[in-house]
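Asks: What follows is the residue order along each chain.
Number of protein chains: 4
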Amino acid sequence: MVPRYARPAMTALWEPEAKYRIWFEIEAHATSKLADLGVVPQSAADALWDWWKTEPAIDVAAIDAIEAVTKHDVIAFLTWVAEQVGEEARFMHQGMTSSDVLDTTLNVQLARATDILLEDMDGLLDALKMRAEEHKYTPTIGRSHGIHAEPVTFGLKLAQAYAEFERCRARLWDARAEIATCAISGAVGTFANVDPRVEAYVAEQLGLVPEPVSTQVIPRDRHAMYFATLAVIAGSIERLAVEIRHLQRTEVLEAEEYFSPGQKGSSAMPHKRNPILTENLTGQARMIRAYALPALENVALWHERDISHSSVERFIGPDATITLDFALARLTGVVEKLLVYPERMQANMDRMGGLVHSQRVLLALTQAGVTREDAYRLVQRNAMKVWESDGRMQLLDLLKQDEEVTAALSPEQLEEKFDLDYHFKHVDTIFARVFDTDGGELDEASGAA
Amino acid sequence: MVPRYARPAMTALWEPEAKYRIWFEIEAHATSKLADLGVVPQSAADALWDWWKTEPAIDVAAIDAIEAVTKHDVIAFLTWVAEQVGEEARFMHQGMTSSDVLDTTLNVQLARATDILLEDMDGLLDALKMRAEEHKYTPTIGRSHGIHAEPVTFGLKLAQAYAEFERCRARLWDARAEIATCAISGAVGTFANVDPRVEAYVAEQLGLVPEPVSTQVIPRDRHAMYFATLAVIAGSIERLAVEIRHLQRTEVLEAEEYFSPGQKGSSAMPHKRNPILTENLTGQARMIRAYALPALENVALWHERDISHSSVERFIGPDATITLDFALARLTGVVEKLLVYPERMQANMDRMGGLVHSQRVLLALTQAGVTREDAYRLVQRNAMKVWESDGRMQLLDLLKQDEEVTAALSPEQLEEKFDLDYHFKHVDTIFARVFDTDGGELDEASGAA
Amino acid sequence: MVPRYARPAMTALWEPEAKYRIWFEIEAHATSKLADLGVVPQSAADALWDWWKTEPAIDVAAIDAIEAVTKHDVIAFLTWVAEQVGEEARFMHQGMTSSDVLDTTLNVQLARATDILLEDMDGLLDALKMRAEEHKYTPTIGRSHGIHAEPVTFGLKLAQAYAEFERCRARLWDARAEIATCAISGAVGTFANVDPRVEAYVAEQLGLVPEPVSTQVIPRDRHAMYFATLAVIAGSIERLAVEIRHLQRTEVLEAEEYFSPGQKGSSAMPHKRNPILTENLTGQARMIRAYALPALENVALWHERDISHSSVERFIGPDATITLDFALARLTGVVEKLLVYPERMQANMDRMGGLVHSQRVLLALTQAGVTREDAYRLVQRNAMKVWESDGRMQLLDLLKQDEEVTAALSPEQLEEKFDLDYHFKHVDTIFARVFDTDGGELDEASGAA
Amino acid sequence: MVPRYARPAMTALWEPEAKYRIWFEIEAHATSKLADLGVVPQSAADALWDWWKTEPAIDVAAIDAIEAVTKHDVIAFLTWVAEQVGEEARFMHQGMTSSDVLDTTLNVQLARATDILLEDMDGLLDALKMRAEEHKYTPTIGRSHGIHAEPVTFGLKLAQAYAEFERCRARLWDARAEIATCAISGAVGTFANVDPRVEAYVAEQLGLVPEPVSTQVIPRDRHAMYFATLAVIAGSIERLAVEIRHLQRTEVLEAEEYFSPGQKGSSAMPHKRNPILTENLTGQARMIRAYALPALENVALWHERDISHSSVERFIGPDATITLDFALARLTGVVEKLLVYPERMQANMDRMGGLVHSQRVLLALTQAGVTREDAYRLVQRNAMKVWESDGRMQLLDLLKQDEEVTAALSPEQLEEKFDLDYHFKHVDTIFARVFDTDGGELDEASGAA
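Residue numbers (the working numbering), protein chains in the order written: chain A, 1 to 449; chain B, 1001 to 1449; chain C, 2001 to 2449; chain D, 3001 to 3449.
These are calculated hints, taken from the structure and not from any lab test.
Please read these numbers as outputs of a predicted model, since none were measured by experiment.
Keep in mind that a hint or two might mislead.
[What the hints assert, rightly or not] 27 Å max Cα-Cα, derived DSSO-like pairs, lysine-lysine: (1) C:K2071 <-> B:K1337; (2) D:K3385 <-> C:K2071; (3) D:K3136 <-> D:K3425; (4) C:K2136 <-> C:K2385; (5) B:K1337 <-> A:K71; (6) B:K1337 <-> B:K1136; (7) B:K1337 <-> D:K3385; (8) C:K2400 <-> C:K2136; (9) B:K1129 <-> B:K1400; (10) C:K2385 <-> C:K2400; (11) A:K385 <-> B:K1129; (12) A:K129 <-> A:K337; (13) A:K136 <-> A:K385; (14) D:K3129 <-> D:K3425; (15) A:K129 <-> A:K425; (16) A:K385 <-> A:K400; (17) B:K1129 <-> B:K1337; (18) D:K3385 <-> A:K71; (19) C:K2337 <-> C:K2129; (20) D:K3129 <-> D:K3400; (21) B:K1385 <-> D:K3337; (22) C:K2385 <-> D:K3071; (23) A:K136 <-> A:K337; (24) B:K1400 <-> B:K1385; (25) C:K2425 <-> B:K1071; (26) B:K1136 <-> B:K1400; (27) D:K3136 <-> D:K3337; (28) C:K2129 <-> C:K2425; (29) A:K337 <-> D:K3129; (30) D:K3400 <-> D:K3385; (31) C:K2337 <-> A:K385; (32) C:K2385 <-> A:K337.
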């Protein structure tokens, strides 16, 4: 976790205090159910909850001090709670194993972290939708291989991003379902010393579902899937960030990150306005992707469990979620405040001397009876002249002067092929597909909603 | 792709001929719809399908020869088809771009590959269920950290694997839905020169859904999610493979890969029977995981597309699916034929002098009024003697001789704590959770079925 | 391995026949030394080498057929050789274990593969040097964040790439040294049944050094380092590929991949000239990076060895070296034939209205006694006007009209700050550092040469 | 960075204050040289150093507050220094660009971090050597595939680890040389506004070498190589950790992590002594490996630089070095205090009924004139009986009763083949190779020393 790439709400989730609060809730709910089942006295559960109602501070340092002796975190915590609550606390943790607490806690943290990420995602989707509608018909050149291809609208670019992040949102829901499970099943998952009804009760209280079969731990394929999903989302963040970085290049300059008064782009070059937010996002995406790897290696624990996953999760649990939360929020801000330059988009498109219309001419020639091979040759020989003139020649002019072309198409027919609106006749269709689904895409992809 | 880790049905899917057949189908279906819409003559579509009905061989070498000149694969293919079909073929590919064909084809291949993987997964689940039922009550020691913990049954181990692969099956369904899309949207995804109804028709014919918004390509977050999912499945394969490798170690030897007559374990040591199939699976799992990485990097294409993803997909499309197909089939064989040694399981459990029952004694002491701290101390001091005797002392004997213990628990009470069946009272509950769900887990996790 | 990304010499190295030839050489050299030591009859070694002198074909299919029964590759090979050579062959492999042969063979293959890669690298360095000299003083704009910064020369860009690949070349030498080791140490590396002098002799014959301590295998940290090094080189390939892709974008167009007659950029858009070679290289770089991962996971084999590394190496041994060989050769071709457009470089630089000289003005103001803060403010307020004029205003003109500026600097002083050559006065120094080292950098970094 | 996996000296290196101190040193040394060259007044340099001699505290919060306005870290720092030093400070940073400071600082931090890692490595090597000498002739079974193979000594296992970490040490030296470079070359690396002699001077003062050609930044292939090297070292850590985890498993128990008084292995099972330190190391190794990935992706920056690498390095700079420092120190402690059980090693070896000697019998039969195929069959049929008896039968007994065997070898000859010392005759040779090199291996591999 890098403080400058962290936001408070998400960070708080991973503080020791937050963790201990969840530990207590699990232990206390379990004790409640054990009392209900007659395994421990009701007074034990009451003592725990009575103390909890006093809204006690969690003395992290005191717990750490006990752990320094016992070298076992859960025992340290139980010892500290017993010091606070007294005699009755000895019934806590009856028949449970540390992992019952630790694994369920991690899943509560991940589920709550995902709730924040889902909110972030909603914010990003809102921003993308707003800007997409705003630029629904703003013409700009579509590019493949970095080369001008045919016209699109800037709104279409954002609609594409919207659809991609809507898929990401659905994946996030699925990922949440993967890890929102609870295990209170004892030392090797047999419920030998703890009734399965305790697990069911705790799960319900915490908004989780019981893990069908745990070993000592909740199986780590779930967490691998979770972090792999965050990695995919990071890829989508990088995609949009890279798009904006491209648009802001000096020669393109069709859009820019918002540049606030007082901001200095360079200590040496006062004129610079750099896309540093999106460059930063690119780097953050690399990190979030990297965190998926150790999660994938964590799956193959030995027998009923080994603890190699634990040190990994101390890193990636906070680091992946905190960084993704920050990245989503930052990307939302970039999109919301993005400076968009339609005139420059038009100017760039015009620089190519009409080459972007070459395919339409090709099709028209074919439809006029020219063989595909000949049509290609005719268009290409004129297109190449325009290309080599660096935009000073106009394709339409050259075509009108090419007798083989004019033998097939009249000047009027040629001119009609250079109409920009022709390309935008289905923008509305696409927008309807993307934005008028009321979450239909979500349902289709996952059903998790 | 390594031939020895490849099976024919999956490999065939990725042969050039299979690819060209899908190309043809896409082009011909598109032409049919274009004819239907009046854009091209019906005779063009008829000519294509008439030729196709002759079940023509695909001359891969001839197409390659054309590509060597044009340096463009789709143009080479179209040229070759035109040579076969004649004049009418010039209406093919009207308004489409190469990526319409290439991207849709890749998705058809991945969807079909996934169908094979789903069958593989069903076979593995069947094998796991069969062996789990067989060993539902075969006692074996549960281990955490590689250290004996408490008893489980061998059936429970397999039930855990079953539940894990059932999750993998659900994820595979989701992954299939991610990539089973079709785009026929033209050079930059605007449908400028091709009606969206062509896309809808081709999608329907091929069992795909139309991509809501494509650029020039189908967005690569879909493929990233697909290959990330295969990586997670690889982790689960590795987990079961590692379990079997552990069980086959000389000192453990609770199970063994089937050893066929004539097989030699070592050129130097004739006595060796090595878990080489599961060791191989471990390596294959590493490969399948690795293939997810470039897929994740493929997401951030430039603008409406760059072609950097393409060389990656030429590798990982076949390599990841072929290797996973092989690995699932191999693992199924290993599970089906696994030699299981219940006597050895019992013997290993007995070696610990009853230490596996220590927790029950701890709980009984607590319930008899001893403080948790004292109970832990009493059990540990006797347990440590057993541990250090290397299994020659029995915990029960020592406890009966410990006056602080017997002050709280009678010999009969102590003996009752050493009953093995106590641990298996919920095996049936767990089996019901895992096996009696009729795919309930599937629905719960994804809804993709 | 993807055939279209493979070259014959490297591919041949990984064919079964090449492997079997190395196997034979190892076994036969070992038998020679064993005969020399009196362990086996001299006639055994003679029989092997006599047969070898007949230049026998290796019948891969026959060996495969034997392996199908024995399920052990080395035994299958020894059996086949014995069938060819007769009775005397039974002394082969005396005291050795399969891994002695397999591991040493892999290292011979990797060392030979590296020799090819080093030649490739030399070719690339030659091309870079040639083009760097050619464009030593071709002015072009330097860019940070994609934004125009200050002038550089195109030769400097290539010199940077040269220095980077020279480092890669040194790393490749180091990587070769990592894996050019030989182990003939028996089943667990103790030389129990084979004299260490056999290992020394075989190593010498094959140009390797003896592995100081092997287990059953040569330790895999060596291979991890090897493949990690290839991954770093892939990163450098990607860097140059991405640079060229950027230079070829429509709006930049300062350089282009060579476009051969007959080549078609797009089936739909005849005007397109796409940087597909460098886009392909980008994808190949992703693959080569990915192959490092399983190599890193291969290090932690169990005890004296497990065989999980083997299936991984069947993939990455050929795939990583073949793909890197192809990528280096392709990149060399791209550099050699790169179309460079100095006029366009100048035109792009001029578009910014002289903003690239802003830092010099800033410094001059400071040196003339203006505080740094004030100087920054003065330059920035004029720079921003130029920026917002989209290059229509000239910074020099505006500065001359700014009274606060002219209070510190005269028009002549200002003009002098807009001199392009000022930026190139140390080009020669840098070129000398990069190109006049006679491999000094190599020695400094590694000493491996 | 996870506090519990961090040690103070390494952590301090990455604190903001440490960073700012290096920034100051770079700026002040540069100013000294600029004064020397007559570019700035000597009084400017004097003012800086005079202030520095007062050992001023660095007010991190004040600098942060300035950065919140300027959004540029180096400008914020320069502004704060100017506030402290006064008027003369305006000559600082003359002709330099932020990256001159930032990149050189990162390399200073990495070089100093590597110095700590090299010390750690020395400590680990010492511990390994000490324990290897101690157990040079402690017999233990060598295992391949987890199956008993032939005898080795425990000292040999540790010698193997020693040789591996000695290689890691050499790699670390190489990695340090990769990143110990300095760039003071201005906005695009042309030295347009700063004399190369400034770079040379600052480099010398800081113990670095000048970067031959920088762009705006020091090229990131260097850092990729650095972090890739740490990843390889992590693999070696994992290997030794996994070995110890295996040795501590209940059924093996040939060695154990030291178990301190008061330590509790499990909250539920008082008898447990778990290898948690080495399990933790396994997880930490996964993290250190993961950090190499984004470093590899950082190489391909755009043009003269983009800043995407920066956010990555804020994570992995500290996280990879701090975690590796901790892991090396922890592993050293584990090795130093490892509890080793020679009796158990002997007992485990004896369990196999002499099967570990099977290869020697095989060889003896071959040398006595039996064909290899027959010899294999004879040994295997007896070995299989022993194997299936679960160690109750002895191979020597069975061989003595096998008439086909005794036709070739007498009982005395057979007995001689079961001598353990036979296997250890070259232990001294191997130890000499590993330990008597006086760093020779280091020189051979890299020359970096």
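Asks: Now tell me, hint by hint, if it's right for this structure.
Replies: Right, here's what the structure says about each hint:
About 17 Å separates the Cα atoms of C:K2071 and B:K1337, which keeps this hinted pair within 27 Å; it holds. A distance of roughly 21 Å separates the Cα atoms of D:K3385 and C:K2071; the hinted pair therefore holds under the 27 Å criterion. The hinted pair formed by D:K3136 and D:K3425 meets the criterion: a straight-line CA distance of about 12 Å does not exceed 27 Å. The suggested pairing of C:K2136 with C:K2385 is violated, with an alpha-carbon distance near 33 Å, which exceeds 27 Å.
Annotation: proposed proximity of B:K1337 to A:K71 is violated, straight-line Cα distance about 43 Å (limit 27 Å). A distance of roughly 17 Å separates the Cα atoms of B:K1337 and B:K1136; the hinted pair therefore holds under the 27 Å criterion. Between the alpha carbons of B:K1337 and D:K3385 the distance comes to roughly 21 Å, so the proposed pair stays at or under 27 Å and holds. Under the criterion of a C-alpha separation no larger than 27 Å, the hint pairing C:K2400 with C:K2136 is inconsistent with the structure, at around 33 Å.
Annotation: proposed proximity of B:K1129 to B:K1400 is violated, straight-line Cα distance about 42 Å (limit 27 Å). Straight-line distance between C-alpha atoms of C:K2385 and C:K2400 comes to about 14 Å, which keeps the hinted pair within the 27 Å bound. Of the supplied pair hints, the one linking A:K385 and B:K1129 is violated, its CA atoms being roughly 69 Å apart against a limit of 27 Å. Only pairs whose Cα atoms come within 27 Å are accepted, and A:K129 paired with A:K337 is accepted, the gap being roughly 13 Å.
Proximity of A:K136 to A:K385 is assessed by CA-CA distance (about 33 Å); at most 27 Å being required, the pair is judged violated. Distance hint between D:K3129 and D:K3425 is fulfilled; the C-alpha atoms sit about 20 Å from each other, no more than 27 Å. Using a Cα cut-off of 27 Å, the hinted pair A:K129 and A:K425 holds, with the two alpha carbons roughly 20 Å apart. Distance check on the hinted pair: A:K385 and A:K400 sit about 14 Å apart at the alpha-carbon level, within 27 Å; holds.
At most 27 Å may separate the alpha-carbon atoms for a hinted pair to count; B:K1129 and B:K1337 meet this at roughly 13 Å. Of the supplied pair hints, the one linking D:K3385 and A:K71 is violated, its CA atoms being roughly 47 Å apart against a limit of 27 Å. This hinted pair checks out: C:K2337 and C:K2129 have alpha carbons roughly 13 Å apart, not beyond 27 Å. The suggested pairing of D:K3129 with D:K3400 is violated, with an alpha-carbon distance near 42 Å, which exceeds 27 Å.
Proximity of B:K1385 to D:K3337 is assessed by CA-CA distance (about 21 Å); at most 27 Å being required, the pair is judged to hold. With a C-alpha separation of about 21 Å, the suggested pairing of C:K2385 with D:K3071 holds against the 27 Å cut-off. A distance of roughly 17 Å separates the Cα atoms of A:K136 and A:K337; the hinted pair therefore holds under the 27 Å criterion. For the given pair, B:K1400 sits about 14 Å from B:K1385 by alpha-carbon distance, which is consistent with the 27 Å threshold.
Note on C:K2425 and B:K1071: the hinted pairing is violated, with a Cα-Cα distance of about 44 Å set against a maximum of 27 Å. For the proposed pair B:K1136 and B:K1400, the alpha carbon gap of about 33 Å is over 27 Å, so the pair is violated. Of the pairs offered as hints, the one joining D:K3136 and D:K3337 holds, with about 17 Å between alpha carbons and a cut-off of 27 Å not exceeded. At roughly 20 Å between alpha-carbon atoms, C:K2129 and C:K2425 fall within 27 Å of each other, so this suggested pair holds.
Of the pairs offered as hints, the one joining A:K337 and D:K3129 is violated, with about 62 Å between alpha carbons and a cut-off of 27 Å exceeded. As the CA atoms of D:K3400 and D:K3385 are separated by approximately 14 Å, the hinted pair is consistent with the 27 Å bound. Restraint check for C:K2337 and A:K385: the C-alpha separation of about 21 Å stays at or below 27 Å, so the hint holds. With a C-alpha separation of about 21 Å, the suggested pairing of C:K2385 with A:K337 holds against the 27 Å cut-off.
Violated hints, listed in ascending order, are 4, 5, 8, 9, 11, 13, 18, 20, 25, 26, 29; each of the other numbered hints is respected by the structure.
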